[in-house]
Amino acid sequence: MRHVPALLLLLMVAYVLFLTMAEAPAFGVVDVPSRNLVVDRYLDPDPEETGVPNAVARIIFDYRAHDTLGEATVLFVAVGAAAAVLVGRPGPFATRPVTGTDDPILRTVARLVIPFVQVYAVYVITHGHVSPGGGFAGGTILGGSFVLYLFVFGPGRAARKLSPARGEMVEGLTALWYILVGLGGLLLGASFLANAAAGFPLGVPGKLLSGGAIWLIGLGIGLKVAATVANLFLHLAGES
Amino acid sequence: MLLRVLANYPYLVAVVLFAIGFYTVLARSNLIKKIIGINIVQSATFLFFIASGNLRSGTPPIVEPGVAATYVNPLPTALMLTGIVVSVSVTAFALALAVKLYGYYGTLDPDRIAQLRTHRQ
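Chains as they are written, first to last, in this note's numbering: chain L, 18 to 257; chain G, 79 to 199.
Source of the hints: derived by calculation from the structure; they are not laboratory data.
Even glycine gets a Cβ: it sits at the ideal position worked out from N, Cα and C.
Quick list of the computed label-pair ranges, beta carbon to beta carbon:
# : chain 1 : residue 1 : chain 2 : residue 2 : range
1 : L       : 226       : G       : 190       : 56 to 64 Å
2 : L       : 118       : G       : 111       : 24 to 32 Å
3 : L       : 224       : G       : 94        : 39 to 47 Å
4 : G       : 133       : L       : 109       : 54 to 62 Å
5 : G       : 190       : L       : 37        : 36 to 44 Å
6 : L       : 130       : G       : 195       : 44 to 52 Å
Which bits of chain G does chain L cover? Going by a derived footprint, with three or more residues having C-beta under 8 Å, they are:
#  : stretch
7  : 80-90
8  : 96-109
9  : 123-135
10 : 148-161
11 : 164-175
12 : 180-186
Between the sequences and the hints, there should be enough to build the whole structure, so can you do that?
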């Protein structure tokens with residue numbers, strides 16, 4: 018009975034969404050309103066403006082690098098807020114949610130898998146400008162390897178590998194790195210977070226060491242996201 | 079109209095996902111399930127945006143000079159990166175609050191927590 022208002026509200030919202038969807042432009046064709054001049058600029062086949070072939074990396078680390086700085090700040094604030102909530106007395110009903118496991122299969126598999134996961138993460142971070150992936154995806158994989166370690170070996174041993182204080186330090190330093198690269202653009206006579214206009218060496222498009230500021234920022238973002246994921250899980254597991 | 083809806087089936091899936099998540103947030107009394115509902119709603123939004131930029135015969139937007147190809151729209155993908163970051167942040171904060179609430183009240187039911195609070199005063 019108490020679900021009836023929820024169901025009515027749900028029906029109204031779903032009906033409006035359904036009508037909107039019925040009027041939406043066709044799926045999967047080039048001729049849609051969202052595909053305009055801006056997209057053609059982002060997909061410019063000659064990468065002299067950015068020096069990287071990955072159009073998504075062009076957008077997030079060059080054309081819209083300010084947005085990405087905002088995203089980095091959001092992650093920073095999220096970890097800070099979660100830590101601020103979880104710090105202090107845990108309360109009478111608090112349980113330790115993660116304790117690690119004694120299972121030899123899990124421990125052996127984790128020990129074998131984690132190095133490969135981390136190598137793959139480094140590959141995804143460093144090749145984000147020439148192939149799908151990038152700092153955010155690779156950083157999440159790197160953080161995921163730490164989360165696997167935390168769940169198998171327990172938060173105590175995980176905190177000895179990367180303590181929350183050191184994680185916060187990595188986060189702060191990589192955010193600072195992002196801002197310093199941006200200020201470098203200002204220093205070189207162009208705008209904040211400028212890449213080619215500031216004269217960052219773009220290199221040969223498609224090679225590993227290319228893209229100027231895009232590559233530098235991508236490295237920082239990769240480390241930052243990894244530290245964020247690791248820190249969030251450490252805090253939620255009660256290790257702060 | 080029905081044919082149009084069926085041709086736009088990714089949008090239909092997004093709407094259905096949105097409805098599932100919305101109902102979960104409204105009807106479930108467990109805070110963890112509410113957080114899962116918020117996540118389903120967010121996934122529906124990501125699916126809708128990324129589908130709006132997709133092409134049936136498109137290639138990933140890794141531009142190769144000299145190759146004539148139709149690339150999918152990279153802009154919704156890049157924007158959804160922001161969405162995912164916000165989603166992760168909101169989930170993390172909500173989970174932290176849920177952990178703390180459970181520690182103090184021993185339950186994750188908001189009605190029960192409100193009851194306990196009035197009794198305590």
